[in-house]
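Visitor: So you can see what is in the structure, the chains are spelled out below.
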Amino acid sequence: MIILGYLLSLFFLILGGGLLYLSWDQLVALSGTQGVAPERLAQMVQIAMAFVGAIAAAILTATIGRSNEYLKSKLAQSVNDATETLRQELALRTGKALEDHKGDINRATAEFTERLKSDLAKTGDTFRAELSQLAPRRHAAYHAMWAALAQYFRAVQKFEAGVFDASALEAGEKACSDATGQTLLVDQEDDATFHQFWQELTYVCETGELKKDLPDGLRTLWRNEGRKLGERYDEVRTAFATKLRS
Amino acid sequence: MSDNQTQQDWLDLPSVAGNPNAQGTGAYLDQNGVKDYVTDITYDGMLERDRQSNFRAFAWVPHAVATVQQVTQTKCGGRCVKTCKTPGCLCDRSIGQCK
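Protein sequences appear in the order of chains A and B. For what it's worth, numbering that gives the first Met the number 0 labels the leading residue of the first sequence as 0, then goes sequentially. For what it's worth, numbering that gives the first Met the number 0 labels the leading residue of the second sequence as 0, then goes sequentially.
Bound conformation, chain A alone (with noise of 0.2 angstroms):
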């Protein structure tokens, strides 16, 4: 395009320099001898001056048009070069980020599966360690509730010889109130048995001391409540021995 520009910039100087040496020879021979008027001479002046502005003019647009693709080309290689540049070190801090984090991230898994690992195996110990004493108490805390409800039981199961044994009942029902200290080792159903049995023997009991001075009276309160009382000793008992067994 620029060439083009160039060519044509050529063809009309000459062009215009041939017509300008033709109008002047033209204008020496018209005058002849007399020499050049000077109104034809300022005509002329002006036709030469109107030409070389006009070359001034193109030379000019052409520079600055020059100028502008290679100012236009020179921005883009450097836009270019900048971008590739920037690309470049892009990628490079992207690769060396990622790989940085993934070694991080690998040495804190690392470190994490570790300590999860001991903790596990710690937690597991103390698990162990803990059930191996949970598991004796337990099993205490239902023999003691029991053998304090089986105490109790025989103490209140003298009603049907007529006796009413104080000291037995005490000792019965002392038995089954320590018994409550260790409750808190059973299943909660199975505490919930201890005291409904408890009640129900020291309802026979109080009753019983009520009875005691009557005739036949301790006898005749067995009869009434011996047998549902014996049941529940039964149910009681092959309930806590098959939460012991289990």
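The hints are simulated quantities; they were obtained by calculation from the structure and are not laboratory data. For clarity, every value in this text was computed on a predicted model and none was experimentally measured. We put the CB at the ideal spot given by N, CA and C, even for glycine.
Once the Cα atoms are required to be at most 27 angstroms apart in a straight line, the calculated DSS-like pairs of lysine-lysine come out as:
1) A:211 / B:81
2) A:210 / B:98
3) A:173 / B:98
4) B:74 / A:173
5) B:81 / A:173
6) A:173 / A:210
7) B:98 / B:74
8) B:81 / B:98
9) A:173 / A:157
10) A:242 / A:173
11) A:116 / A:101
12) A:211 / A:227
13) B:74 / A:227
14) A:210 / A:227
15) A:157 / A:227
16) B:81 / B:34
17) A:157 / B:81
18) A:157 / A:210
19) A:157 / A:211
20) A:227 / B:98
21) A:227 / A:173
22) A:210 / B:81
23) A:242 / B:74
24) B:74 / B:34
25) B:81 / A:227
26) A:211 / A:173
27) A:242 / A:227
28) B:98 / B:34
Some chain B residues close to chain A (C-beta under 7 angstroms, calculated; not the full set):
29) 8
30) 77
31) 78
32) 79
33) 80
34) 81
35) 84
36) 85
Just the calculated beta-carbon pair ranges, DEER-fashion:
37) A:188 / B:94: 22 to 30 angstroms
38) B:18 / A:162: 39 to 47 angstroms
39) A:173 / B:14: 16 to 24 angstroms
40) A:211 / B:18: 38 to 46 angstroms
Fit chain B to the given chain A structure using the hints.
Guide: Then chain B, alone, in the frame of chain A:
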């Protein structure tokens, strides 16, 4: 005179006997036999409440024996003459039933 059914064993506990500020839950039956609770109260505080309100029966259960939730959520029942063994349950002697 109200029927104080607080178990002596609970009052003899070291954490209670040695600490007059020991907190517990009071369960009581009003004169109509309706049961209600007083939470976070000392044994002396419960005695004072009884003097003011004249409960039909009451019992104080220290937190060392049972929590407020345990006392208030316990299902009470069964026959009784004077006492009920489950913490927080009261013997309504007028009907011979634990409440």
